[in-house]
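**Q** One-letter residues, chain by chain:
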Amino acid sequence: MDGMLLHAFVYLAAAVLAVPVANRLGLGSVLGYLIAGILIGPALGLVGSETKDIQQIAEFGVVMMLFLVGLELEPKLLWEMRGRLLGLGGLQVGLTAVAIAAFALWQGLYWGLGLAIGLVFAMSSTAIVIQTLNEKGLTKTEGGRASFAVLLFQDISVIAVLALIPFLARPESLRLAPWLNAPMGQSPAVHGTARLVAGLPDWGYALVVLGAVAVVVLGGHYLSRPLFRYIAESRLREVFTASALLLVVGTALLMTLVGLSPALGTFLAGVVLANSEFRHELRSDIEPFKGILMGIFFITVGAGIDFGILSRDFVTVLGLTLGVMGLKTAVLLVLARLFRLQAGDRWLFALSLAQAGEFGFVLLGFCVQNGVVQGNIARTLSLVIALSMLLTPALFILYERLIAPRLRNGSGPPAADTIDEEGTVVIAGIGRFGQIINRLLVAAGVDTVVLDHRADQIDLLRKLGIKSYYGEASRPDLLHAAGLGRARLFIVAIDDRDRAVEMVEYCRRTYPQVRILARAYDVSHLYLLKRAGADLAMREVYDTSLGMGAAALRELGMHPYKVERMTRAFRRHESEGLAGMYDLWDEDPDIARNLDLQAVIRKHVGTLQDALNADRMQLHDRTERGWTPPSRGFSRESDEWQ
Amino acid sequence: MSNAPESARGSGEGGRRRILVLFAHPSLERSEVNGPLAEATARVEGVTLVDLYAESPTFDFNVDREQARLLAHEVICFMYPLYWYSTPAILKEWQDLVLERGFAYDAAAPALQGKIFFSALTAGGPEAAYCAAGYNHLTIRELLYPLEQMARLCGMIYLPPFALFGARTALEEGRLAGHVADWVRVLEALRDDRLDLAAAAPRTKLNDDLNAIIRGG
Ligand SMILES: Cc1cc2nc3c(=O)[nH]c(=O)nc-3n(C[C@H](O)[C@H](O)[C@H](O)COP(=O)(O)O)c2cc1C
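Keeping their order, the protein sequence lines are chains B and C.
Residue numbers for the first sequence follow this note's numbering, beginning at 238 and rising by one.
Residue numbers for the second sequence follow this note's numbering, beginning at 45 and rising by one.
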């Protein structure tokens, strides 16, 4: 127990110390974790053999990561990207792997080993690249989009590669039929149960596998939704989180039981749920777990880096690293030309994807488990992967400082990006208030994302064809998942007053570029929202009340246009009053104590009648000021109207 | 009151005239000619462009602000597409509300006295239709007599309209760019007092032969 706590402490402390610093320096979190691992491992020697056990647990982070990748894959989005995904991505992985395998073959290595190494190095670092592109605002450039397509293809292809690797082992080192080597992440106990299917004939086994996949797909589609809805209605957050975890763990377990890759299973489950209303919620629930586990995974990789090899074989390792990066860059440049990217985008695309990535580590570990790659080779290769990742920030700097400016000078202003998305609007709260807003915006062709914490409401809206998501809209991670970082407007339409203020405060602090429109309960709430940073706050029943007041005046026989004028005057009087009182209110929001504010309110109430009914001939009469006829004697006194 | 055009001297920077363009187009997103004209207007230095339909979409004017704006300029221009031989509705409502008694007329010191007023309009019909022999029977100047008289009652100097005819086909016939350039030229000449008011005043439309009424530039 003490030992476990101590290890946990060392790992966490290293992460907490190293990751923020790495982030500050623009290196990104993956590198931060690797550096943390290097610090506690090779550098300081604080951790030792237990890294292996920890790594096995941490590998579950990869399973979760693939679940999240699946969750991101809306089939529609996938279909729109198919050209680039298969073309750019497929060619990148294929050409890189084949080129490296050819080199390995030439060096006299077994072809299977060569291909495995090629596939390991074909992967780039999704974590580093996406994060860096985001940080530098390059996601929406053509180069950024192409990079994303390739990364996505790589992430998906990992599933296939995991299935392929067992077949790459030298025949003599094959211990069992490849399918029975329950892939990565399994504990010995689970491995034991995988033998449950060992006795079956081939056709029976095939049936079991099909059955398991069917369970994931059909269960995910038909069972999980009512289940989540039921749990959501209980309003117990931690139970929802627990059930999200249960889904992932359960899927992984099922897959291991029938001897399939758990990563493949959770990926499938993710895709099945990508269209569900719980997508954002699931993502924000699983993401922290995945983040921590992946972090620990990277730390163990860093801790496992053998610097002995680096000092002994410095030239070889460095040569391999530069060779791999050079080769990847070359392949990417050719593809970029083939797919007609502009010069600047071409270089961004090629340099950003030149490193090997975290999936490389995962595949490598799997290769070792399956006896495809020997331990000593694997250690050298890990070092190469890690070094290439460490060099990535330098490549981005190279692009930004040297390549981008030169291209810009050469060919005038850079070509404008193709804009294929409207600035999105995030609407929190889709009760009676939010619905009207959403209907208007959607009818006007604006893209909206709607969040609400009432599962039944969301369910109903979805049936009516309105894109909406379940979730406690006051949760920062959910707001982030809903795309507030890229949105232009955030509309707070919930009916919980305190939450609304918190939400506005949070959004103002975290996303200063977003304009915030908020639903206010009354004047005090309106002021609170304004102080919290809302750009516009409106009282929820103000318009309707005024409308009904106007209807009452018409019922009493007043001329409709006179009523219209009075209503306008009321509005003007009211908004001037509200604007004038804010500063006084700000000094002391407690009206009972704020004597100055009381005095102004009294005056405001008192002047309303004047504003609406002042003497027609007075210039300051608000309603009658317009359309005031000339004095009756005017045409007699002057000659001008004749 | 005499009609002699006594030139409105600019009291803006360097004796230049400040120009207020009150622009009215209710469906700008469909406009072919007024949109480009308004954009060009906004780029001319010393000109204030006000998109009335954008500022007061419910026809609810803040009269004090409108009047203050008038006082701050020496040239007032209505810019609009001709709708039923007149201005779009919002400009009529603007007149009814802003040109108040005691401010614009029937006042000890009429606020707009000596300022220049004119229209910049586009009309769907061809120029040939706007004459006694054409199907519109009246010239564009005659059709706009109410505006001319409004200006005169307020003590303003009236100039004939800056007009584009056949506006629906101006773009495809390649007449738009030249018209926009002429418009910018007129604005700059008015601003810099290079436009011969006396020569321009009797015309049917302002943009007949600009070289004859504009000096230099
Ligand atoms: C309601 C309406 C009334 C119109 N009345 C006239 C008219 O009386 N005489 C005329 O020549 N054109 C008339 N037109 C044509 C407009 O003047 C013409 O469409 C406009 O000047 C084109 O400018 P735009 O492309 O900026 O909209 C009318 C158009 C509309 C929509």
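Please note that a few of the clues may not be correct.
Said to hold, decoys possible - Below, simulated SDA-like cross-link-like pairs (lysine to any residue); rule was C-alpha separation at most 20 Å, straight line:
no., chain 1, residue 1, chain 2, residue 2
1, B, K527, B, P257
2, B, K799, C, D140
3, B, K799, C, F105
Claimed, not checked - The calculated label-pair distances, taken between Cβ atoms and stated as ranges, are:
no., chain 1, residue 1, chain 2, residue 2, range
4, C, Q157, B, T844, 30 to 36 Å
5, C, V228, B, G722, 41 to 47 Å
6, B, L845, C, A221, 49 to 55 Å
7, B, L845, C, D253, 54 to 60 Å
8, B, S782, C, A112, 41 to 47 Å
9, C, G168, B, Y798, 42 to 48 Å
Hints listed in this document are in silico derivations from the structure and should not be mistaken for laboratory results.
For each residue, glycine too, the CB sits at the ideal point set by N, CA and C.
**Q** Hints broken by the structure, by number, lowest first?
**A** 8 and 9
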